[in-house]
Structures are given as structure tokens and as C-alpha cells.
Amino acid sequence: MQKDKANAWTLDQFQVPEKDGERRFHDFDLDLRLMRGIADLGFQYCTPIQAEVLEHTLAGADAIGRAQTGTGKTAAFLLTVINDLLKNPLEVPRYAGEPRALIVAPTRELAMQIEKDAKGLTKHTNLQVMSVVGGMNFNRQQERLQSREIDILVATPGRLLDFAKRRDLWLDRVEFLVLDEADRMLDMGFIPDVKRIVSMTPRSKHRQTLLFSATFNEDVMNLARRWTQDAEVVEIEPAQVTTERVEQKVYITNTDDKFKLLYNLITGMKMDKVIVFANRRDITRRINDRLHKKGLKVSMISGDVPQNQRMKTLERFRSGDLQVLIATDVAGRGIHIDGVSHVVNYNLPEDPEDYVHRIGRTGRAGASGMSISFACEDDAFLLPELENAISMKLECEYPPADLLQEKETSNA
1 MQKDKANAWT LDQFQVPEKD GERRFHDFDL DLRLMRGIAD LGFQYCTPIQ
51 AEVLEHTLAG ADAIGRAQTG TGKTAAFLLT VINDLLKNPL EVPRYAGEPR
101 ALIVAPTREL AMQIEKDAKG LTKHTNLQVM SVVGGMNFNR QQERLQSREI
151 DILVATPGRL LDFAKRRDLW LDRVEFLVLD EADRMLDMGF IPDVKRIVSM
201 TPRSKHRQTL LFSATFNEDV MNLARRWTQD AEVVEIEPAQ VTTERVEQKV
251 YITNTDDKFK LLYNLITGMK MDKVIVFANR RDITRRINDR LHKKGLKVSM
301 ISGDVPQNQR MKTLERFRSG DLQVLIATDV AGRGIHIDGV SHVVNYNLPE
351 DPEDYVHRIG RTGRAGASGM SISFACEDDA FLLPELENAI SMKLECEYPP
401 ADLLQEKETS NA
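Take the sequence shown: its letter number 373 is residue 373 in UniProt numbering, and every next letter is one higher.
Rather than coming from a laboratory, the hints here were simulated on the basis of the structure.
On a predicted model such as this, the values are computed, not experimentally measured, just so you know.
Keep in mind that the hints are not guaranteed to be accurate.
With a Cα cut of at most 30 Å, we get these calculated BS3-like pairs of lysine-lysine [as the list claims (entries may be wrong)]:
| hint | residue 1 | residue 2 |
| --- | --- | --- |
| 1 | 249 | 294 |
| 2 | 205 | 260 |
| 3 | 116 | 87 |
| 4 | 260 | 407 |
| 5 | 87 | 19 |
| 6 | 249 | 297 |
| 7 | 19 | 123 |
| 8 | 312 | 116 |
| 9 | 312 | 273 |
| 10 | 312 | 119 |
| 11 | 297 | 407 |
| 12 | 293 | 273 |
| 13 | 293 | 249 |
| 14 | 297 | 270 |
Using the sequences provided together with the hints, build the complete structure.
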């Protein structure tokens, strides 16, 4: 029935004019059912990473891609995978627990975002997409693996290995292997697990491998060379490491004044959708509790918050039911929510790459945004390295006196 619907839909219903210097999705030989999914999502022109990666990967080449967050790399690899699976249906018997494509991501949020994007693009196909991630109901995931065929599996390393060890999951039929945010997997100590996972898949010459990373350090490139074959290297250099659509400011302050400054900024600037990043779980919890007592609609996500609760919190934030979201870097890495007006760095991140990812949560999809960072006696020494990494001088100033005043809670 889905095929009939797809056949009834034509590209005439999805008109995108040619534009100088732009590649349209129409310009690639994509399956009509996939094009309909693209049309539903409102995609018209490729981002630079998409245009360059698709040129190689749709022809079957392995690829190693580097691009900053928010540039569309997820769609670049999903379009490649989905198009190939549609154009090359399997003619041999298939069994449950044998995915044709495997996408490995370092965090639960990112894996689930990729799953959501894949389901949107495969809406008009019969392809089956699922994720296996830690913190979610193990038995429910196991039942799904054992009962149905899976075309595209998105997974975090630990949970994937759990199912593979129990023989609920077999990777010897994998045609596509995608490793997303390889640098983050290195940082989080996942590489031994990923090596085990890769060894369970067919040899590199019998699968297509796509690896993406925000940075190309020596360790990432060594892994890439080991796991790919004659891969095309695609590097998209942004004009700035941090987006020019985000206004960036640093307030020099004392540790004891940080909370007053945060509360007064949120209320005084009427921040309607703000993410506050902190370096540790205990700090996120403390900020959350204090803002809640002040009467703000606030919640938090960190590694010790159960996954189902984190999903509910993100959905409330996405829908506008929450004004403030407090997050750690690991939990916040996979947050893709439009309309975030402000990002506040309650602590400066120790890794400059985390700063880039943090402020990338605002100024998305062509909108403007603002990032405000607090630098105190504990972390101001991180500023020179941070500025060097982003190749720009950050505007540092002392906050106006009224932002450091203890103010009456208006709605507590």
C-alpha cells in the first residue's frame, strides 16, 4: 500500500528552483520515496557537508567527514544509507536481530535524535528503524530485536554490546557502518567497545563505512584509516569555528555571585528558552533546585537522570512548557531543539570543543542567538585556550551592578 502511495506522488509536487552555488536534493539520483520524505521535512538545498559527502557516498565510497555541529551531517549519512537500502532490496531470507545498517553514536540523546531523523526520512518506505540505548527499558528493546526485522539500527556502544553478547543481535549482515562523533567516543573512553563492535561486522571491503568527527586529531585519523577503505576525506571549514549568528559575551564574576547573576539575567532579559550548561551533575542539581524555588519553570538533564525522564524533560522544553533547561555536556551534546534564544555557560568548559557544541544549541536553522559565559576565579584561566581554539577574542566585561543584586522573587 505504501508503494502505491509513493507511486502516486511525483517530483512535480516538490518544486525547488535551481540556484547558483547551491546543490538541490533533486540533483542526486535519490529514490522517489526518500524524496517524498525530504519534501515533507522541508529540505530544499544541501548544506556544504551534505553536497560534498553525497557526491562520494551515493557512488558507494567510504567517507571521513569533518564538520561542526548543526551543519546537517546526520542527514548526509542517513540519505546515503536509506537510498542504498531502497535501491538494493535483499532477495535472501532475513531474520530478526540482523540490521542492514548500523549507526553508532556516543550518547543516548544523539542516538535517539538520529533515530527520529531516520524515521522522518523513511516515512514513506517500509524500512524499519530502531535504537538500542542505555537507560531505556532493556526488555522492550530485546523483544523488538527478537520479533522483527530491522533495517537501520542506531545504538550506543554499551547497550549494543549487551545485546550482541546475549546473541539477540547479529552484525555479520551489516552493509553500512556509520560512526558519528568519533572524537567524542574517544574522549568518553568508548573506543575499546567500538573496536569490538567493528570486529563483529563484515570486513571493510564488504561494507560501506562513514565516519564523522568534529575534529581530525591523530587518534581519530588512525581509527578512520583502520576502519575505512580508500575513503574520501571531506572537511568543511566554517568561516568561524563558532557561528556568527550567535552573539558571545563573557561576564567576569565571583563564584558567590554566579547564581544571582544567572537569575537576574533570565528574568531581566526575559529569556524564554534558555539552556544553562554546568560542568558537574551536583552543580546542575543545585542550580535547578534554586531556580525552581524562585518560581521558574525549570528542569535538568544529566547522566544520573533516568533516560525516560530526560526524554520527557526535553519534550517539555521543546514544546515551551519549560523556560530553563540545565544540562551537563554529555547529556546536552545531542540536544537539537529549534528556538533556543540563549545559552548560559555557568562554568567555562575545560575542553574548548564543548564550548563550540554548547553555543551551537542556539542560533540554529538561520535564527540568531546569544551565549553568555561566566568566568570566575576557578576557571578564568581557561579563557586564552578557549579563544585560541575558536580563533576569536571574546568580549569580557564585568556585569552591571544591578545584575548582582538580590531581587525579590516575583512569582514564587
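Hint by hint, here is what the structure shows:
1. For the given pair, residue 249 sits about 25 Å from residue 294 by alpha-carbon distance, which is consistent with the 30 Å threshold.
2. Taken as a hint, the residue 205 and residue 260 pair is broken in the structure, with Cα atoms around 58 Å apart against an allowance of 30 Å.
3. For the hint linking residue 116 to residue 87, the alpha-carbon distance of about 22 Å falls within 30 Å, and the restraint holds.
4. A C-alpha spacing of about 8 Å is found between residue 260 and residue 407, which places the hinted pair at or below 30 Å, so the restraint holds.
5. For a cut-off of 30 Å, the pair hint linking residue 87 to residue 19 stands: about 28 Å separates their Cα positions.
6. The straight-line distance between the Cα atoms of residue 249 and residue 297 is roughly 25 Å, inside the 30 Å bound, and the hint therefore holds.
7. Taking the CA atoms of residue 19 and residue 123, the gap is about 28 Å. The hint holds against a cut of 30 Å.
8. Our distance criterion of 30 Å between C-alpha atoms is met by residue 312 and residue 116, whose separation comes to about 15 Å.
9. Note on residue 312 and residue 273: the hinted pairing holds, with a Cα-Cα distance of about 16 Å set against a maximum of 30 Å.
10. Straight-line distance between C-alpha atoms of residue 312 and residue 119 comes to about 19 Å, which keeps the hinted pair within the 30 Å bound.
11. A distance of roughly 18 Å separates the Cα atoms of residue 297 and residue 407; the hinted pair therefore holds under the 30 Å criterion.
12. Taking the CA atoms of residue 293 and residue 273, the gap is about 18 Å. The hint holds against a cut of 30 Å.
13. Taking the CA atoms of residue 293 and residue 249, the gap is about 27 Å. The hint holds against a cut of 30 Å.
14. Using a Cα cut-off of 30 Å, the hinted pair residue 297 and residue 270 holds, with the two alpha carbons roughly 13 Å apart.
Hint compliance for this structure: hint 2 is the single one not met.
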